[in-house]
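Peer 1: This is what each chain is made of:
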Amino acid sequence: MKKTSIHSAISACVLVPALALAGGHGDKLKAEAWTHQSLNQTLNEMPKGNVERGQTVHTQMMCASCHGENGQSPSRNFSSLNGQTPEYTMKMMLDYRDARRWEDYGQANIMVKLAQAMSDQEIADVAAFYADQSLSDWEIQQNLSDERFKMADKLVRKGDASRLLVPCSSCHGVNGQGNGITPALAGQVPEYFQRTMQAYKDGERHNDVSQGMSQLAKPLTDAEIEALAQYYANLEGS
Amino acid sequence: MSRLEQQTFDRKITRRDLVKLFGASAVAATGIFGASNKAFAQSAAHVVILGGGVGGSTFAKYLRFADPDVKITIIEQYPEYITCLRSNDVLVGMHTLDELTFNLDTIRSKYNVNVIIDRVVGADFDQKTVRTQKGEVVSYDKLVVSPGIDFVYDNIEGFNEQVADTTHPHAYKAGPQTLKLKQQLENLPQGGTAIIAPPQNPFRCPPGPYERISFFAEYLKKHNPTGKVIVLDPKDRFTKDVPFKKAWERLYGYKTDNSLIEWVSGSDGGQVTRLDPKTNQVQAVVEDFQADLINIIPNQRAGKLAQNLDLTDESGWCPINRHTFESMRHDEVYVLGDSTIADAMPKSGYSANSQAKVCAKAVADTLKGESPGRAIYSNVCYSLAGQNYGVSIAAIYEVRDGLIQPKGDSAGVSEITDKPAQPILEAVYQKNWHREFVKDVFY
Amino acid sequence: MTNNTLRLSGLCLSLSLFAGTPAQAQDDAKSSSITAKLGEAMAQQCAPCHGTNGQAMTEAMPPLAGLPVETFERAMLAYRDGSRDAVIMDRVARGFTDEEIHAMAIWFEKQPYKAWQNTELEEAYKASEAAKNAMGGQQ
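Protein chains in written order, with my numbering: chain A, 204 to 441; chain B, 5 to 447; chain C, 95 to 233.
Read the hints as simulated data drawn from the structure, not as lab findings. Just to be clear, a hint being listed does not mean it is correct.
In silico DMTMM-like cross-links for lysine to aspartate or glutamate, where the CA-CA straight-line distance does not exceed 25 Å [to be verified]: (1) B:K226 - A:D301; (2) B:K423 - A:E407; (3) B:K372 - C:E217.
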């Protein structure tokens with residue numbers, strides 16, 4: 204691929220002073236919430252990603268310094284990206300760039316800044332690169348008690364009709380492999396998973412289409428979220 | 005601060021904590037937050053810290069880690085402390101002074117430290133006592149002094165403390181002068197000239213003047229694109245000059261005809277010799293300059309308290325034992341931070357924090373009759389060359405051949421790469437670092 | 095795939111788990127010149143970025159508290175030899191020997207994985223004691 208021009212990248216981030224305030228979360232850009240239609244259209248209009256170019260973007264944007272060599276996170280505060288669906292990665296990057304994802308707990312600032320320095324083509328390429336890396340379980344094995352495993356497994360496979368909870372697997376796949384804009388969860392960093400679910404539950408994260416995930420997260424107990432985090436961390440996605 | 009943090013941030017030490025540490029009877033005698041002398045066993049040694057800034061506060065916290073029983077007192081002149089750290093941010097509205105203001109409440113309660121707000125006016129090193137303005141005499145077993153810096157004006161004719169306080173703020177100690185300089189930048193006429201004159205080595209926060217130059221340029225680029233920053237420097241090199249100048253090229257047209265920054269080195273006659281505050285003229289070795297804003301950052305020496313307590317040598321700074329930071333001039337007295345002669349370690353908040361931890365362990369060991377362990381220090385200075393453009397310098401240090409020197413192959417500044425993410429990440433790291441750093445110092 | 099037991103935040107560390115049998119302790123102390131005390135002293139130098147006792151979770155810097163020894167070591171060695179991309183950790187890692195990294199790793203593994211603000215001083219003392227035991231009980 205063409206080398207990313209540092210000048211264009213830097214001027215891109217200098218041109219958005221409104222986002223650069225020290226607190227980070229004071230002046231948010233206002234982006235319209237996605238509808239299924241607007242999201243589909245936007246993703247359809249994205250350029251076609253290329254794995255090889257994506258690897259260069261991965262290097263140039265120093266993604267590995269937080270997300271690991273092939274997208275498998277080496278740490279508990281960053282998400283794993285390997286084996287993620289390209290649609291989901293693209294959506295996340297666009298959400299960061301347009302400030303749909305700017306949670307209030309001080310974790311999104313870094314990705315907002317990086318996404319604003321990237322072109323649509325680079326976003327599509329890096330998404331293709333991560334999709335090309337295979338899913339893997341989280342490196343620290345989770346010791347899940349039988350009781351906790353059953354709690355999670357029921358939510359994943361059967362759901363809970365009494366609380367209008369559809370099974371997780373109906374969107375995320377039986378092996379947590381994801382599908383389209385629904386992310387893969389297999390092997391996800393459990394601390395990240397918990398934090399994300401908590402953010403949906405508390406209304407701090409709101410980039411989901413039609414508040415789908417937020418509504419499903421609200422009835423879940425802390426114990427269920429923790430069990431699900433460990434359950435998915437142990438899956439390999441196949 | 006996020007909601008999650010807020011919930012946990014203000015937790016006070018509980019009665020249970022104190023009972024564990026000092027036994028039920030001691031707590032009963034004093035109440036929980038009194039932290040008076042009675043809370044400690046009579047036999048416990050008393051360590052008195054002069055100065056509740058970065059060095060003093062870190063020292064108190066980490067001495068408590070090293071010794072649950074020792075009696076600790078901080079004597080600090082002001083009830084609140086504004087960090088010099090990140091005060092450049094205030095100039096361009098990235099932080100408020102309030103956000104940089106801290107007190108010792110958590111240090112007092114969580115670590116059971118006695119805090120006296122008073123000014124120290126003298127010490128008797130034979131009797132091992134210090135005297136305060138309000139007339140208190142406090143005796144110590146070990147005295148730790150963390151006095152910061154003092155300014156020296158006499159190498160620039162026409163410049164003095166009174167001029168700095170009124171018309172020409174140096175703004176190199178965070179406070180009212182910072183706000184005045186911010187206003188002067190905002191009032192700079194279109195197409196106007198600002199002069200920044202950095203000091204001679206050694207001085208507090210070596211990248212500070214150059215970060216300020218960058219912020220001025222970024223401000224002009226946005227609000228006053230025909231304005232200009234002229235840097236009159238007595239030196240030919242400065243810390244992180246390679247990545248700073250690369251950033252200036254990338255962001256502010258440095259080295260082009262339209263550069264927002266013109267840097268005059270010492271060799272080119274950059275040393276300022278005279279200021280005329282009335283006409284806003286400065287005389288440098290090379291020529292005279294007329295400007296709309298003149299920001300001279302004075303030369304520096306150890307803080308007044310260190311001078312008054314005879315802890316400085318002819319250099320104006322405090323000589324210390326490199327392994328423990330014990331003063332070379334008086335026994336049982338330790339000096340921390342900017343005022344010390346720490347060789348390769350820069351005068352930074354990070355250095356003061358690092359030295360305070362090593363010193364706290366050394367003091368605790370000495371009080372137990374053990375010999376202090378090996379001293380390993382560290383420093384990281386992140387600076388911003390623009391709001392989204394960070395540059396850094398980092399090193400681990402050890403004592404070698406009698407000097408504090410970089411350990412292994414650790415010393416280095418930000419590499420110049422073609423990776424667009426690098427300066428962005430460094431800028432975010434800087435913000436994260438600052439958030440955690442003040443917690444490590446004051447919480 | 096490592097075979098570590100998960101230590102979740104909020105779960106107080108089971109200290110007896112880490113006190114270590116004498117045999118383990120011997121095994122852990124690779125070098126007699128690198129003491130537990132030095133391990134702690136070096137690890138405390140990391141706090142300005144990683145939080146007091148490595149207990150901060152920021153967007154840019156990962157927490158080190160409760161990190162399995164081999165995870166910490168692997169990361170530091172990769173930073174040091176340049177095989178892991180870094181903003182600043184490559185420079186920092188080049189300041190430490192294998193033995194020093196190991197001593198820090200042991201100390202961090204014993205720290206409670208939760209925010210320092212939620213940690214009692216007493217827990218910090220216990221963690222420090224546990225690290226000392228893991229280094230063979232030497233000072």
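Peer 1: Please go over all the hints and tell whether each is borne out by the structure.
Peer 2: For each hint, the structure was consulted:
| no. | hint | verdict |
| --- | --- | --- |
| 1 | B:K226 - A:D301 | holds (22 Å) |
| 2 | B:K423 - A:E407 | violated (32 Å) |
| 3 | B:K372 - C:E217 | holds (22 Å) |
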